[in-house]
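With the UniProt record's numbering applied, the sequence shown corresponds to residues 1 to 920, in that order.
Among the hints, a few may not be true.
What the hints assert, rightly or not - Beta-carbon label-pair distances, calculated as ranges:
#1 T21 x A654: 37 to 45 Å
#2 D780 x Y589: 20 to 28 Å
#3 A461 x T21: 35 to 43 Å
#4 D579 x D780: 29 to 37 Å
Hint data in this document are derived by calculation from the structure and do not stem from the laboratory.
C-beta: ideal position from N, C-alpha, C; glycine also.
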Amino acid sequence: MDSITLVHSDPDFYAPLSRSTRRGVEYAPAGMPADWTERHENVWTGWYPEHKLGGVTDGWKIHLSCRIERAQHVLDVAARIFVAHGVAFKHLSCSTFFVITHHKHAARSQSGKFCAAYPPDVATAEAVMRDLAAALDGEEGPFVLSDRRFADSRVVHYRYGAYTSRTRLTAEGWHVWLVRDGSGQDVPDVRGVKFQPPEGITDPFASDMDSGGGGTPVFGGVRFDKVLRHSNGGGAYRGTDVATGRTVFVKESRGHHGLVSVTSSSQDRLRNEYAVLRELHRTGPGLAPEPLRYFRHLENEFLVTEFVPGRSLRSWWTEHNPVIWSTTTEADYRAYYERAWRILDEVTAQVERLHELGYVFVDLSPDNVLVDDEDHVRLIDFETAARVDGPLTPIGTPGFFPPDPRRFVDDPVRYDEYALSSIALALIAPLNTTADLHSGVLAHLRAQIDPEGLVPDRIWALATRFRPPVGLGSPSPQRRVLPPSRQPVAQSPQELAEDSPRQFASPSPQELAEDSPQPLASPSPQPLASPSPRELVSQLSPWRLALPSPQEVAEDPLGCLVELRDGLVAGLTYPGHADGVVPLGPQSYATNALGLGHGLAGVVHALHVAGAPSAELLDRLATQAIEEADDLPPGLVAGQAGIAWVLAENGRVAEAEKLLARADEHPLLAGSATLGFGRAGVALTHLALYGHTGDRSYLDRAAEQADAIPRTDALTGLLGWDNATGLINGRPGIALLDYYLARLTGQEDRVRTGLDLLSTELDRAVRSEGGLLFPVSERDRRLMPYLATGSAGFLMVASRYLAATGDERLAAAMPELLRGFGCAFTHYGGLSTGMAGIALALHDHGRRHADEASVERAHTLARRMFLYAVPHPTGMYVPGEQGLRLSGDLWFGSAGVLVLLARLLDGQPDPLYTLDGLVE
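Starting from the given sequences, assemble the full structure and let the hints guide the process.
Right, here's the structure in full:
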């Protein structure tokens, strides 16, 4: 699901669009026969005759589009034709679903579809389309990019595709839709942005006008040289004026697409932009891009303006803000803030000039501000700009537009003032969407990111103008003290040194002859001290529903982290959530809601390591995983192996063994060797089951799976996309498997293969003044410090090999590697690609090597969790993927932060993907 469909239904959590209670106008065809079956599925209402689809699995689908104000009429007309031909069909259920699926940020491949019909054969499809085209002559609707239009109709479309839901599972948990090609083989049913029938399928309705051309498009006097951006509303291009040779900017608006309401489409906004630019060019030349012309081509409209050089302000701060650098000086910050204030000053001056001319921008964001090489700015993208005293289209960019825009309707200048304040905040640190969820995080931002007071007061005052850092707890004598069994663990340097793992050693013949080692105990962890998590929710006083103040965190950091941990537990175990399970993130809807990374297993695991197990959630996980096993991939992050690991650690060994047996023979393992999604993760889970059962067959099978992973150039094709790096998709995850196998078997060759993998990874590292960082892949050159992708994941593995082998190359790289974790801020707070994962890796390394600096740094970063913690009446949460809503998942959300706190506060061993309790 795309993000626009997941943030509409609930103000706090990600939820399917179908759950929305704001449905608008309900659509229902008039006069449907009594023997037709009505069925509701997601955003669709389906109608099926008695024979349903008649056994047809693939064919020429018919898609109807329309203007939203004509939807009910088009549905009534179309339904009569579908019924007359006995053809099953479905339609969007209500106007809200219509707007969201046609939204400017909706998926381009699906937009435009209001009705879909499933004729059983070509003759019926042609007859239905001819009747529809005749009955709906004169109607207009958006063009469906994946389809062709029938004849000269503006609303009747068709494509060849699957009628029944057949999918092929990927190792990552995605379900790829399938359709039969001309030879009867199942192939991917490509639902993209162009008409693309399967191989061997010929379009029986094609006309001569359907053949497309090639080369660089030229029309409207413009040669379209480069695509700059695509959206569902249209595109943006760099072009050349054919007559003058001048470089121009072209903005496209697709007909009837890009809705933001029932009355505002992309063409409405583009026409508005042209009118505004013309008036501004007349009254205030130079403020806005010069409009050159406006034209229509087919049903799309185009605005041509001067080409404004520069890059977006968002891109500018990503490069220049020292808050995300690994090494910084006071001079770096002072120089940056001097530049940032000059930019803010220019943007403010231009916005004020716009106001003086009688206009407001409304949707001002860093993407609408271009910065040139001299830090001078220009405003672009005036599609929502309007007269101060005229009608407005109050839409904007999340994080830069008020969450409740209605309060500014009477004073529209305040939309721009709010955006200027938001830009100032983003220039300090882009915590905007989290601050929209709870402005109390901003007090922690100032205290933790700027303890020396380098942020100029004028920038801070502007940044917090509309988001006062309130909602913080006042000092309270009620602060709970943990009993001895739950007190945070403090270790001396000597204890830290003693925690280092033993050297690799071959077991003696006597040891080999003896029984397998005692199984790892799976005791029921002690529950949290009274009150219980469920009682905690009901007993939270108002101050407990707020964050502690920065002063409290400074004076009692461990106590405040304990409260954060307990608040996270309360949220994860709150019994009143929809479906009885904590809300998860977008990936749980895109893959499955059970896996370790994005689903219920991650929540159950986090509660286990935090000593607050939930029998109810554990039962649900075990039952659903067995029932849905056929739809689960084999791997550790998204599939059966990860769920088996969690079930086993919670004492549900029988169910774990069933799932692992299925994962072990899954055909998808042949295509992936990774820890996250392939053989290495399944093999590591075998080792976990070996620890829980003492059954040596699990150890043997882990070795067999490891041996099936090639250690040659062939390995590259079995890693993540484009020869990925990192713990989850790259070589370090396989090296982690080799490490534990070597420790358990004494096989020195596994040590060498693991070191070779780490050495190959080091060959790809980028060294700079900021330390040692890793690109995501050969194609994605972004340098990352994170656990899933980047330096922290490499550290988790390299730290173990260094302690056990003293490898010279790892020893030489370690100082540079550790220096790469000096960044003060990350966009996400969570475990996989956020601050929590960095802290976890540093603490893990520090304890193993008696590195007090790393342990101290880990605790400093743990206190940064208050930058991302959002109080809620049901508990404490962390924003999920995209930061637009709260999520309980392990990868981005609350469960991942809980795992970090369990490690730091309680010394919980093996919080994630490790088996040190088995080998030490």
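Status of the hints after comparison with the structure:
1. T21 x A654: 37 to 45 Å: holds (42 Å)
2. D780 x Y589: 20 to 28 Å: Taking Cβ atoms as reference, D780 and Y589 lie about 24 Å apart, which means the hint holds.
3. A461 x T21: 35 to 43 Å: holds (39 Å)
4. D579 x D780: 29 to 37 Å: Holds: the Cβ-Cβ distance is about 35 Å, inside 29 to 37 Å.
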